[in-house]
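Participant: Go ahead and model the full structure; you've got the sequences and the hints to work with.
Spelled out, the chains give:
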Amino acid sequence: MESITHSVTLDAEKCKGCINCIKRCPTEAIRVRNGKAVIMNDHCIDCGECIRVCPHNAKKAISDPISMIDNYKYKIALPAPSLYGQFKSIRDVNVILTALVNIGFDSIFEVALAAQNVSDHTKDILPEARALLSGPTISSACPVVVKLICVRYPELLENVLKTIAPVELAAIAAREKAVREKGLKPEEIGVFFISPCPAKITASKYRIGYDGVVIDGILSMREIFVKLLPIVDKIKEPMKLSVAGARGIKWSFSGGEGSAIDESLFVAVDGIDNVIRVLDEVENDKLSSVRFVELNACPGGCVGGCLSVENPFVARARIQRMGLNLSEENDTNTIDENYLDPEILYWQKTPESGYPFLIDADRSTAIRKLADIESLFETLPGIDCGSCGAPSCHALAEDIINGTALESDCVFKLRERMSTLFREITELQEYMPPPFREQGRGQMINDK
Amino acid sequence: MHNSEGLKLENKNDNSGVEVLKQRYEVSADDFASAGAASAAVKKTLKQLGFSPDFIRRTSIAMYEGEINMVIHGGGGVAEVGISENQVTITLTDEGPGIADINLAMKEGFSTASDTVREMGFGAGMGLPNIKKQSDNLSLISEVGKGTTLVITIAT
Chain A
1 MESITHSVTL
11 DAEKCKGCIN
21 CIKRCPTEAI
31 RVRNGKAVIM
41 NDHCIDCGEC
51 IRVCPHNAKK
61 AISDPISMID
71 NYKYKIALPA
81 PSLYGQFKSI
91 RDVNVILTAL
101 VNIGFDSIFE
111 VALAAQNVSD
121 HTKDILPEAR
131 ALLSGPTISS
141 ACPVVVKLIC
151 VRYPELLENV
161 LKTIAPVELA
171 AIAAREKAVR
181 EKGLKPEEIG
191 VFFISPCPAK
201 ITASKYRIGY
211 DGVVIDGILS
221 MREIFVKLLP
231 IVDKIKEPMK
241 LSVAGARGIK
251 WSFSGGEGSA
261 IDESLFVAVD
271 GIDNVIRVLD
281 EVENDKLSSV
291 RFVELNACPG
301 GCVGGCLSVE
311 NPFVARARIQ
321 RMGLNLSEEN
331 DTNTIDENYL
341 DPEILYWQKT
351 PESGYPFLID
361 ADRSTAIRKL
371 ADIESLFETL
381 PGIDCGSCGA
391 PSCHALAEDI
401 INGTALESDC
411 VFKLRERMST
421 LFREITELQE
431 YMPPPFREQG
441 RGQMINDK
Chain B
1001 MHNSEGLKLE
1011 NKNDNSGVEV
1021 LKQRYEVSAD
1031 DFASAGAASA
1041 AVKKTLKQLG
1051 FSPDFIRRTS
1061 IAMYEGEINM
1071 VIHGGGGVAE
1081 VGISENQVTI
1091 TLTDEGPGIA
1101 DINLAMKEGF
1111 STASDTVREM
1121 GFGAGMGLPN
1131 IKKQSDNLSL
1141 ISEVGKGTTL
1151 VITIAT
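Residue numbers (our numbering), protein chains in the order written: chain A, 1 to 448; chain B, 1001 to 1156.
Take every hint as true, because none was put in to throw you off.
Straight-line distance between alpha carbons at most 30 Å, and here's what the computed DSS-like set of lysine-lysine pairs gives:
id, chain 1, residue 1, chain 2, residue 2
1, A, 36, B, 1044
2, B, 1044, A, 369
3, B, 1044, A, 286
4, B, 1133, A, 286
5, B, 1044, A, 23
6, A, 23, B, 1022
7, B, 1107, A, 286
8, A, 162, B, 1044
9, A, 369, B, 1022
10, A, 349, B, 1044
Some chain A residues close to chain B (C-beta under 8 Å, calculated; not the full set):
id, residue
11, 154
12, 285
13, 357
14, 358
15, 368
16, 370
No wet-lab data here; the hints were simulated from the structure. Predicted, not measured: the structure shown is a model, and the values here were computed from it. Using N, Cα and C, we set each Cβ at its ideal position, and we do this for glycine too.
Facilitator: In C-alpha cells form, the structure reads like this:
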C-alpha cells in the first residue's frame, strides 16, 4: 500500500501519554512512546475514534483553513448533508445554503444532489452485482469502512460497491458546471467540501478507486459551523438554492442510503464496533440472505462524524424534518447529464490491501513468530493495563517479537526482574570473601 | 465459553519436520452467543500468517459450521486446530449423542435440530454438507451414545 498521510494527527503538546486512545482504536494502530501517542500509518483507517475519546483534545483532524478559499477566483462549497442538522432553529435548507454564500462562497453544490445520482446508479447496477456475488453488496459510501475492509477483510473487497463517492461526483460536476456557465478555467475554480469526518479528508487527498484529486480543499464542519452560526438567524429571505430532496439528504444518517435505493432487504449498521461485527458475519457467509449492507463507522451515520457539532440523534431528527418540508419532486432531481461522464461513476482501480497485520511474508517464519508471540503472551499478566504503551498484553507480545518493544516494558515483568535482582543483591550482600567468612562455606581443597 | 489454551508449536510425529501451530478451544453446549468465537480466532491467525482470502474463507466457514454443530447437537466439545505452512486441520470432538446415519446426516436439508434451534435460524441441514464443500478432506467418526469426531482438512 502506498504510504499515506492521515488526517488524524496528534497535537503533541496536549498529549499526556495516557492510554485512552490506544484502548479505543479498532485496529490497534496507536502506541504510546516517549510520553506521546504514536499512530502507525499503515494500520490507521481514519475512523476518528481516538479524536472522540481523547480527554485532552490532543487528537485532531487536519483540515484546510477557510482562508484557503481566497486562493481561487470562483469558490464553490460542497456541503455534506449532515451540515443541515447542526442548527437548532433552522428548518429550511435554503437558509444554510444562503449563509454559505454570505460567508464568501460564489456558489453551492449540494452533495445530497450527487447522492441522488449515486442512488440511481446503485439501483441500476445492484442486480448485476448480486448475480456475480455470494453474499450481500456492501456500500462504499463510508471511506473508513472501505479502508477497514482493505486492511482486515481484503477478501470482501469484491462485495464492495465500486461506485464514486457522492462528494467526488459533486466536485467534478460543480467544476464542470462553473466552467461551462461562467466561462472560467478549471484552475480558477476552488471546490471545497465541508466535511463531518477526518476519513473524508484523507479520502479526498488519496481517493478510493481513483487517481488524482478533484476537491481543492476540505473544511471542517465544526469550523464552518462557527462561521455560520451568527448569521443563520439573520437570514429572513433565503435564496432558492436547495435542489436535493429528502432522498439525498438522508444519506447523512444510518439507513438513508439503503432506503434511497429502494432496496427491499438491506441492513444499516453504524458505529465501528458494530461494523466490525457485521463484516465478520458477512465473512462467515452468515448474511447471504441480505441484499445490501450499508455500513457507517460513526454512530448514527455521518451525522455522528467527529467534526460535527450537534449530537447525532438530534441532527438526524432535524434532517428528517427538513426532508418532510422538501418537495417530493426534488427527490427525482439529479445532476445535469451534460456535466457528467458516465464512466466516472465506476471505480477506475481497486484499492490495495497493505496487509498490515501480516506477521511475516514468509509463512514458516510467520508460524514460528506467532508461536513465540503466544508463548510470550502466556507469561504476561493478561490484564491489558496499557502501561507498556500497547493496547493489550497480546499487542505487547506481538511488538516484542517484532522487535518494537521490550519484555521489561511490562511493569509486571519489570517488577519480576527487579525482585529477582533484589534477591540476588541480598544474597551478594551476605557474601564475604574467604579471609572473613566462617568455616563450612567455600572451604579450601586442603580441608577435605 | 471458549477457552483457548494458546498456540503451541509442535513437530509432527512423522519426522517430516513440518511445524504445526496448535490451537485448542472449548465449545460449550447451547451457547449460541459465543458460537463462532473459535473460528473467528482461527481466522485472525490465518490472516496474520498470510493465507489467501479464499483459503481463510473456506476454513472459517467449515470451522464455524462445525462449531455450531457441537453447540446444537454435540453437547459442546473441543476444537483443535493445527496450522502448518500449507494446510489446516480442524479436529472437532464431542461426547454427544453421536450420528445414527452418517449418509443421511451428510444430505443437504436433513436435520435433527429442535424447533427452538430452527427458530434461531440454525438447523437448516446445511452444516455437514457445507463443511464437506469447503474442505479438501473430511473424516467423520461417530458412535451412537459415545460421540462424534470430525476431522476437516483444508489445503492451500
